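As they're listed, the protein sequences go chains A, B and C. Using this note's numbering, read the first sequence as starting at 2 and increasing by one per residue. Using this note's numbering, read the second sequence as starting at 2 and increasing by one per residue. Using this note's numbering, read the third sequence as starting at 2 and increasing by one per residue.
Bear in mind the hints are in silico, worked out from the structure with no lab data behind them. Computed from a prediction, not measured in an experiment: that's the story for all the values here. Treat the hints with care, since some could be wrong.
Copies of the same chain look alike in the list, so a pair counts if it works inside one copy or between any two.
Stated by the list, open to error - The list that follows gives simulated cross-link-like pairs (lysine to aspartate or glutamate, DMTMM-like), each with its CA atoms no further than 25 angstroms apart:
| no. | residue 1 | residue 2 |
| --- | --- | --- |
| 1 | Lys238 | Glu263 |
| 2 | Lys236 | Glu16 |
| 3 | Lys236 | Glu39 |
| 4 | Lys236 | Glu269 |
| 5 | Lys365 | Asp56 |
| 6 | Lys238 | Asp393 |
| 7 | Lys365 | Asp400 |
| 8 | Lys236 | Glu106 |
| 9 | Lys238 | Glu395 |
| 10 | Lys426 | Asp56 |
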Amino acid sequence: MMAADPGQEMHALVERLYPLCRSITGDGVRGTLDIIGEHIPLTVHEVPTGTQVLDWTVPQEWNIADAYVADATGRRVIDFRESNLHVVGYSTPVDTTMPLSELREHLHTLPEQPDLVPYRTSYYAPAWGFCLTQRTLESLVDGEYRVVIDSSLTDGHLTYAEHVVPGRVTDEVIVSCHVCHPSLANDNLAGIAVAIFLARELAAADPHYTYRFLFAPGTIGAITWLARNAEAIGKVKHGLVLACAGDAGSVTYKRSRRGDAEIDRVLEHVLRASGRPHTVREFSPYGYDERQFCSPGFNLGVGSLTRTPYAGYPEYHTSGDNPDFVLPESLVDTLAVCREAFSVLDRNHRYVNLSPYGEPQLGKRGLYDSLGGRSDAKQAQLAMLWVLNFSDGEHSLLDIAERSGLPFDSVADAALALQSAGLLKE
Amino acid sequence: MMAADPGQEMHALVERLYPLCRSITGDGVRGTLDIIGEHIPLTVHEVPTGTQVLDWTVPQEWNIADAYVADATGRRVIDFRESNLHVVGYSTPVDTTMPLSELREHLHTLPEQPDLVPYRTSYYAPAWGFCLTQRTLESLVDGEYRVVIDSSLTDGHLTYAEHVVPGRVTDEVIVSCHVCHPSLANDNLAGIAVAIFLARELAAADPHYTYRFLFAPGTIGAITWLARNAEAIGKVKHGLVLACAGDAGSVTYKRSRRGDAEIDRVLEHVLRASGRPHTVREFSPYGYDERQFCSPGFNLGVGSLTRTPYAGYPEYHTSGDNPDFVLPESLVDTLAVCREAFSVLDRNHRYVNLSPYGEPQLGKRGLYDSLGGRSDAKQAQLAMLWVLNFSDGEHSLLDIAERSGLPFDSVADAALALQSAGLLKE
Amino acid sequence: MMAADPGQEMHALVERLYPLCRSITGDGVRGTLDIIGEHIPLTVHEVPTGTQVLDWTVPQEWNIADAYVADATGRRVIDFRESNLHVVGYSTPVDTTMPLSELREHLHTLPEQPDLVPYRTSYYAPAWGFCLTQRTLESLVDGEYRVVIDSSLTDGHLTYAEHVVPGRVTDEVIVSCHVCHPSLANDNLAGIAVAIFLARELAAADPHYTYRFLFAPGTIGAITWLARNAEAIGKVKHGLVLACAGDAGSVTYKRSRRGDAEIDRVLEHVLRASGRPHTVREFSPYGYDERQFCSPGFNLGVGSLTRTPYAGYPEYHTSGDNPDFVLPESLVDTLAVCREAFSVLDRNHRYVNLSPYGEPQLGKRGLYDSLGGRSDAKQAQLAMLWVLNFSDGEHSLLDIAERSGLPFDSVADAALALQSAGLLKE
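Extracted from the complex, chain A is given alone in its bound form (with noise of 0.2 angstroms):
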């Protein structure tokens, strides 16, 4: 199953997915969707128009056919079919003409990017637009255009689909990626492909949670899934939305909202220990779809992991933000700390020391180095003590590992250890 080379197989996928309209409904997320699906099995939702969603309402489903602009000898200077970037997402139908004074106030451009084409959207007000670089905009002359954007907005669905590993527990994590960005490949294809790779690794790991994969359309795709989950709300644990997975940049840890959730405490021993370069932030209520699953009703344990982080680079929602904007090692960075992280999150649990009046004894349990005297105290040795000495039902083992400075791996080996001795519970 998994590749031999995983960066340049996440990176296919980026490029794959790459060419699609995707939107916040429509056939573009359905095609994304069905492509995920080759990889991993999804579970896909389609809500219809209309269904109140929170303080939110599922909109019209979107979806375009061509759309370009032509001048007088029927040349298209704008044009859909080179990038989807250059129509406004959510842009009503026109089929029309006008002069270029007019059409000006429908283009968008980036005078100080004037090479790139901006990314734009009006999602909930009806209105039409094409982006373009603010060179081709210099070199529209003057005179009349035949606009087109064959586009339709009718009454249809929006499309979310969900991928579960069982785990030993019910309790879940849930790591979540936007799918509903056009042609951006960083933001969120290489989440996407990310998400993709994790969600394999860990189906092959018996994890101890439930891992919920969730593929939906930015802001109205995460509150429609709060909105159709509320009950079930209360087994999500522990979370991660997965963002900008594969620049160049170091890795971005943005905490949840309670700041010191375990996740919170998990990602940031993980990027400390690793040695990695990267930064942590606190929360804020911008960004990605964190936005949601921390709004304060819910207020769950969910961060948000990216290199460099939204809005942070040059490229951002831009045509810059291409497949080669994307990095194979970036990938499987990315990945690697998705994959620490949860493998730390799976073991640090609290244990309850069984003896906890004096040290117990462990050489009889052989479980100590009986000649002693030593000053080259072992590791494992240290570990151990450690864990008899702090597990009283308040600490985890990551508090452990963190005040003792003892590799988590150490701490955990050490915890199991214990525990087949009959000196721990869980």
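Fit chains B and C to the supplied structure of chain A, relying on the hints for placement.
This is chains B and C only, laid out in the frame that chain A set:
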């Protein structure tokens, strides 16, 4: 009502109040309150000698008509008419002749500041004395001196006054100034001048809290007020002791005993956010009347605002603390700090998000820029997201401003907009 | 009673105790307690082999008369009579001849410290062995060697002793020293010497707490004491494990497991206030008998005082830890730290201000300099104001000393003066 140049007007008030011979009782206090009363209406209280106030007793009233030391030629070598600092406050009456050797025991100088007259009192132990410069002392020749203090200590009253600016709620903010020092300008005529102007501004501002201004002699005055208002103390939610409000130094805020009272948080926020050079100090049980408001039985949220703090400048409690030591621009700046602080305090409420599950849809309420995707999200929209996310009944607007790094005004404006839209309640 | 030169007297005691062959049981411990008993009265406990103590069992008693390895000429190449470190502690008896190749498996050296003999034991796994310098090992020629260890392992007793200095209250402070190491001077004859002198000083000082000194073998001794005193543990409010008290290094205090126990606060305050170079370390579950007192079931407020800490010097657990390694001035300094700490601990009470509303009038009680206005307010008066303001039943005198920056002695003296004046109660 407001002066064209409030700094000059406040300074003129300091100069006018300067010559009066104030003490903890007597006509100097009454004259001072008369002048304050020309600017803001006062309720004056007269509390009879002998009244038990907490652990203390209102002392006899002290008044003084004249005092001097004259040499053998009749020349006044120390003269109360030149400066009321020349007489030790609460000096008992004396009219006698004595040699310099005996007189010396009653003379107070500052040998290390030979040109300054010290300020001395003996409120609760019967004594008399004169204060003079070291240079004058050194110029006195041996011989007999006529010594006259034409003072009286009689049963009378302790006098203090209150001015109340009614607010929309009856919860109170107390602003307290000591009025017991004779010819000392910064300590505390400057505080009195700022308090008067602050009271006039607040009255024009329709404040949330009721603001109570207290003009009372130090220690015994605050103790008397506390003793007489024991049942109303519960209404005092915040307070500020204003002193040394006009010297050239930067602003110092001294925290309440609680250390994290709302007034502490507000003053620290305002000083930091304003960019002013300033100092924040922990509470200590010496200084001005915060000692009484913050005694452990009351433990009120009362801080102290000065420029150079209590006993922190060489001119402190000497004839060097004269009107020249007080700068109009310092008075204006202290007034501005109070204004800014109370503006924040008045708006620093805790709100509850009425749509706490997921983000509410701001667009349908006209609160959101509909064309998404702009990387330069506007501050007003950010402020709304922050207010919505943290309005859980626990976080105040100040908490949200500090956590978000947004200006308090933006956060407060966002709260008003969201409240108008029905998304927030107080 | 007290020596003219306590440093020399303590050092002489270290030298006298040095040659005895101590272990966790046996006549070496008894001989050590006999010498301690010449200085302070001891209650000696003998606990039979096989007694269950917490998770452990009192082992057989070990004694040794002689041991050596002799070459073919009969010359002792390793000789117990030169140093008891040459025999692995708890070695089983042996009397045989074997070639060097076979003997090597029983020989312990320190290759990186070729002139030092290591200290080794095998308490709970039957074994025998010799310790020697790497240089001696390298000088041994192949051939047959006579190997003799004239030891015995028989049912007997574990021996430990207590000395109690009665206080004004029955709440106890425990001072614990391990007495199980053979010829190692700093570890722990130095601790024993300091404990003896400390006990004599405390007896002369009429202490508040009852001080219990425990002289017991490491680990099994503390565990035995804890097992036999389970019902009295509640009386142990504070404690200090004394070890490595005489090397040239500066003082190290290792916190109790609680981390903020009163003993932790006191030691840190005393070390900081004294200006001594020192180190404070967090608790860790290895070191001396704080491991047992701070096991999670007991979790006592017991810290550890050493100079260079456990296993922190090259001479640790080698023949380099001889009386020359212990300095009289270090013993004197460690004793002084204990004296200063217990002096603070004994006075560190929480008081309640009986006049908490406003400041009480100190002047009418003779506690205040009546001529107000002096800028150089005296430290004693400041201390009274601090004690009055923070004596709310929550703040201890140490809290007040630290918050005020005043010396603990000033704060404690102020509390006594205020208590005498009826303004404070404990």
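Hints, one by one, checked against the model:
{"no.": "1", "hint": "Lys238 with Glu263", "result": "within (9 angstroms within a copy, 34 angstroms between copies)"}
{"no.": "2", "hint": "Lys236 with Glu16", "result": "neither (35 angstroms within a copy, 67 angstroms between copies)"}
{"no.": "3", "hint": "Lys236 with Glu39", "result": "neither (28 angstroms within a copy, 68 angstroms between copies)"}
{"no.": "4", "hint": "Lys236 with Glu269", "result": "within (23 angstroms within a copy, 42 angstroms between copies)"}
{"no.": "5", "hint": "Lys365 with Asp56", "result": "between (63 angstroms within a copy, 10 angstroms between copies)"}
{"no.": "6", "hint": "Lys238 with Asp393", "result": "both (22 angstroms within a copy, 21 angstroms between copies)"}
{"no.": "7", "hint": "Lys365 with Asp400", "result": "neither (28 angstroms within a copy, 46 angstroms between copies)"}
{"no.": "8", "hint": "Lys236 with Glu106", "result": "neither (49 angstroms within a copy, 58 angstroms between copies)"}
{"no.": "9", "hint": "Lys238 with Glu395", "result": "both (18 angstroms within a copy, 23 angstroms between copies)"}
{"no.": "10", "hint": "Lys426 with Asp56", "result": "between (45 angstroms within a copy, 17 angstroms between copies)"}
Hint compliance for this structure: hints 2, 3, 7 and 8 are not met, and every other hint is.
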